[in-house]
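A.B. asks: Now that you have both chains on their own, put them together as the hints suggest.
Keeping their order, the protein sequence lines are chains V and E.
In terms of numbering that gives the first Met the number 0, the first sequence opens at residue 0 and continues consecutively.
In terms of numbering that gives the first Met the number 0, the second sequence opens at residue 0 and continues consecutively.
Simulated from the structure, these hints should not be mistaken for laboratory data.
C-beta atoms are modelled at their ideal positions from N, C-alpha and C, and glycine is treated no differently.
Treat each hint with caution, since some may be false.
To be verified - Mimicking SDA-like on lysine to any residue, the simulated pairs with C-alpha atoms at most 25 angstroms apart in a straight line are:
1. E:LYS139 / V:THR49
2. E:LYS298 / V:GLU142
3. E:LYS107 / V:THR49
4. V:LYS134 / E:THR187
5. V:LYS146 / E:GLY276
Stated by the list, open to error - Only part of the chain E face toward chain V is listed, based on derived beta-carbon distances under 8 angstroms:
6. ASP280
7. ALA285
8. PRO447
9. THR451
Said to hold, decoys possible - Pulled from the structure, derived: some chain E residues nowhere near chain V, Cβ distances all over 12 angstroms:
10. PHE126
11. ILE146
12. VAL167
13. TYR179
14. ASP205
15. GLY259
16. GLN260
17. SER264
18. ASN267
19. LYS270
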Amino acid sequence: MGANIYRNKKPVFVFLVPAFLFMILYLYYPFFKNIMNSFMHIKQLGSSATSFNTPWYTNYVEMIHDDNVWTAIKNTLIMMVVTLIGQVGIAIILALMVDNIGRGKQFFKTVFFFPIVISATALGLLFNLLFLYDKGMVNQLLEALGKSQLTDWKAEGIAMFTMMLPVMWQYVGFYFVILITGLNNISDELYEAARIDGASTLQSVRYISLPLLHNVICTCSVLAVTGALKVFDLPWTMFPKGMPLKSTFLTGTYMYYHTMETKNVDYGCALAVLIVVLGIVLSKVVNAIFREKDY
Amino acid sequence: MKKRVIAAMLAGMMVLSVTACGNSAENTGSDASAPAQTTESADTSGSTEEAPAAETAQPAGPVELTVTTTFAGEDTNAQNYKDAVKAWEEQTGNTIVDTSATADETFKMRVATDFETGSEPDVLFFFNGADANSFIEAGKVLSLDEIRAEYPEYATNMNEDLITDSLVDGKKYAIPVNGYWEAMFVNTEILDAAGVAMPGADYTMDMFKADCEKIKAAGYTPIAAALGNIPHYWWEFAIFNNQSPANHLEIPESVEDANGQAWVSGMNDIKELYELGYFPDNTLSATDDETFAMFTDGKAAFLIDGSWKVGGIVGSCQSDPEDPSTLDADKLAKFDVTYVPGKGSRKATDLVGGLSSGYYITRKAWDDPDKRAAAVSFVEYMTSDDVVPAFAQHAASALKNAPEVDPAQFNELQRKSIEMMAGVTSLTGAVQDLFQGDCRVSTFDGMPEIVTGRVQAVDAVAEGLDAYHNQ
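Next comes chain E alone, as it looks inside the complex (with noise of 0.2 angstroms):
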């Protein structure tokens, strides 16, 4: 009988364990993410049953505040995001928990998913295309208006024709730091040993493929894309190249209209080139950064890249990526970047770019009163006349008053960027931004049976389309 209630109890102290596990993991969250509002709850005891009517006032205590960013890897402004960050943190006392990555497919699944099961950051800077409908729906950012409607001053610093209106409602919600351009980059050390000239403003398709036949004939490869991983870049322009600024944001009704027949064509386009041997002779299984590595290395010609890749390219001429003092300015003398060859009614000076992300701010953050008036306070930080012009550098922002840049602070690609985007006629928006989820897979990760033929691409851009239409 005594061994039967030792029993007995051994069993219940290991569920009052459990439980207890449970209740103290509960508890160890909550101390973890408000250790200030423990301590002013002892201090001013009192007054704890008016802390909800507070909700307005900047918060009592240091809090911490997760931040998600596409500010990592290889972009640009990686560097200018952790040195804003950490001024914003001294300034206030808070603290930033940064969960930023690098702006890929991978990244945006991640972020939908944080949204889905409610683990979305407080604050976040991520595209404002059709990637951001799944939170815009499921009402889990504050649009502009509701945050002005308590902070009256919020972004007013922006020239509000410029943030994009977003695709669910036509509501503004992020507020854009820094715009992109898309173009193609070049390494000049190749081009000169093979005796082709820096293209210009007038650049064709035709020019272009001239040039990468004396480019491969001198045995370097032409093309550095991993069409395997990463085909983005020449989706976009392909298609473009086989319509106009004016049509390129539309999506075919189906493969049989003008535009489903522009896709197609790009899509062969692309195939063509893959056929003439262009592109490295592994770009059916490499990567996107053994391609670059190629680039950098001085063993491939032409690379297109967003404004984002500039970073990159500088860091591969440093040798200590993290130290910009480490600067092998020779070496970056031999990288420039210039217009896509365009075709039709696409001149090479039309490119790809715009103001296609911005700083969100979450329901979750919003509801919690210590953190409302940190991330606002945060996110007027990012978006200050202060610190935006570090993050636009070369490429257009927001401000109402963009301050005048100083040339003298930017590094010689920077500076070749300013010269480029000083000639570009047109900015259009990437049409895969609006040409989101499984309708892409035909033709992105499909890419690779597409210029082997071993799918017709009419057949490819046919099934995403059909799947965009569906969805």
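Excised from the complex, chain V in its bound form (with noise of 0.2 angstroms):
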């Protein structure tokens, strides 16, 4: 009887319950809920939804036609792209730096880590502050190198870089974290043995560090593409309604703009909708191509 009780599962189920109702409360039925709406008439934000759309699929219709959304589409994808080779790619780099000297590795953890604990909102307005037109940090550190004319920095053709600029700066150190912590578990019998065998400091990165840090790269890559999908504050906070000309909107930001703003709520729910399909197909992909490996 007493070494039964640790094979009856019962009891765990029972602890996992509030949890499971809590989230069927807070997440699977207003996901489906949402989905729901996306098919009918809906006023205003806060209003019940009145009857369906005649069509009921009229803003599936609409999306495919909407030359935004395509573009929200497309600038999702630039940014998971820039979060890949921006924020994880600059992590390794400094990871395999900072790994290498032997003082000043807590110092540059704390550095590195810390835009992380500003929240993206405050740093929307930091860096609206250093990229303004007229008065701005960067326009008047070019004005002293001797350039004559202001830069719109969120003008149409520079305003995507403008915006993943922050955006990238601000996660670099959460996965440099992740990765020094990766480099910390290889062990140093390894990187010994390769000094013994004449290997250079490149030559243990290249055959020693980035091999075993494999798995944590992928885990890296992984967060940092679906993060991508979620971005929404910063851009929001620096490029209001997809300013300018409708060029800056991501998935997110779109989808926020026509709820909060047009009050069209139910296409606002099919942009959700999309948001999630486009989240779990590209997740599908990113997993197949970031497989980890078994050693």
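C.D. replies: Encoded structure:
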């Protein structure tokens, strides 16, 4: 009897029920309700759906013909590539460099991780000031270096760069900390053996660090790509309503724009469904590409 | 077996603690909203049953009212509002939880959502046009008649002809405080540098364009406006310039009719000014705050905006925006206000203005026996003969017995505003107040596409009108 109690899993379910109910109430119910709402007519935010659209799939047809949806999807995909290269890539380089220094590791860990603790909205406002057209810090520096014309960092051709730079900068530290923890888990004996065999630092990185970091890099890549789908607050703070000329919309900001700004709530619901579908498909693709290895 | 019992007990405790948290939250909310009532009930437990009967009486103890207004940010009356609230709080012992914010589209959306979700304030100072339709239709605010049934003296100091009727049922809901006008602010320092004379009552669009050309040649930006953010004022006057005060408030049936064509011409007029390079280089990507800063910093000459912007300009001339004693009078003297260039049947002196906002009492506050009297008291105080003149300043009010205004109490820009208003030939409401919701998207949010030629003005107007008529 005494040993059987460990085989009886029923009490575990009792403990799982509250969390399960919470998820049903606050995640799955709203999710399915959102799918329903995407087929309905909703007058404004907070109003109940009154009737089905005519035809019921109107919003999805509109979505296909909406140029801004394609712009948002394109920008989101660019954001994914940028986060992958800019965040994980830079984080790998920083982690490898910091791992190879004797002193000050903790200092660099803190410095690189710090942007994570600042709210994205505050960062958006900060970068707004840096990239301000008139009297912004970047333009003042360029002026001091002899540039006569002010640069509009939020103009159509350059806006995506201005938007992605702070997004990239904010999360480098996050992946840096994960990667440096991964590096710490690699046994020193391997490096010592390599040194005895005459391997250079670069060869140690190429043949020991990177192969053994493979799974950590895969995890970071999956996190970065799926995280890019959720980026919202910083781009919205810097480029509300997809300014300029609706060229900076991401899928998240475009959904928010329709839900909160244009009062086209049911179309916003349809966009939310699109984001979920996009998220599932991309997660599958990323998981397939960055498959972890068994050692 | 013992472990099973312990597991069941732990699970039970968990469920109970969740339930208890819910209950305690409810209790906390109730306690927080009516701390005085708790004391009152304890002291007069015998009369608790009779509490509802005392609905019309003054509140027994201090009451906390939630109030949302547009007196925030750069609004001229933001400080007046704070002062008035403080005075009322000291006088009554009640407290105000202020949730005011700058009157923009996000604010309007917030208010609408608050009403929809049942978290509306007790008292609201808000627009009386189409923006208010949703909560009036839902019966969530009280009409003047309903309030007067219990408080006969409520708002009797107001000229009722000037209290705007609701678009929903023709009843009066919002008690106005101060009127507004929209006109053109001028940075005279730039005009002097460019050799341009101060525009007057006979100012036309052709004269305006000639002046803009001179200003541009002198190296300044002629017009401070963020077309990608707040094109509202140019939208209004560009349309008005192709109509007259008589038909400005008529929303076109279609883009084909005369009014519809006037709207299209208005959009094309803005496009022409954009193509001539009179707006800031970054007008499509700048915020309204940025272009306003260009105006106050002496980089842009003209700014079309509302009477509420007087406070913002004065604030920019103070080393401490909160402290009027730090005003740099010389700097303020460089700003002036004049009429918006006219065209066709609209004279420059035909401006947009009126009494577009007022105080609403929500049914939520009215149905709360503790808050009803306090809400009425607050609105009566804020719309009293003593308080309204401080808010109205250089604009109109709806008071029956408006006291004489002593110009000496005003700063120079306020005095210039009063002089400018003396020459106004007509004040017409803003048609955009009637044109609400997603119908605006194609010409407001879509203004950059219109001025850059990516979308034809006629298509944008047609899209907006279709959305309006399908609402």
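A.B. asks: When the hints from earlier in the document are held up against this structure, which numbers fail?
C.D. replies: Of the numbered hints, all hold.
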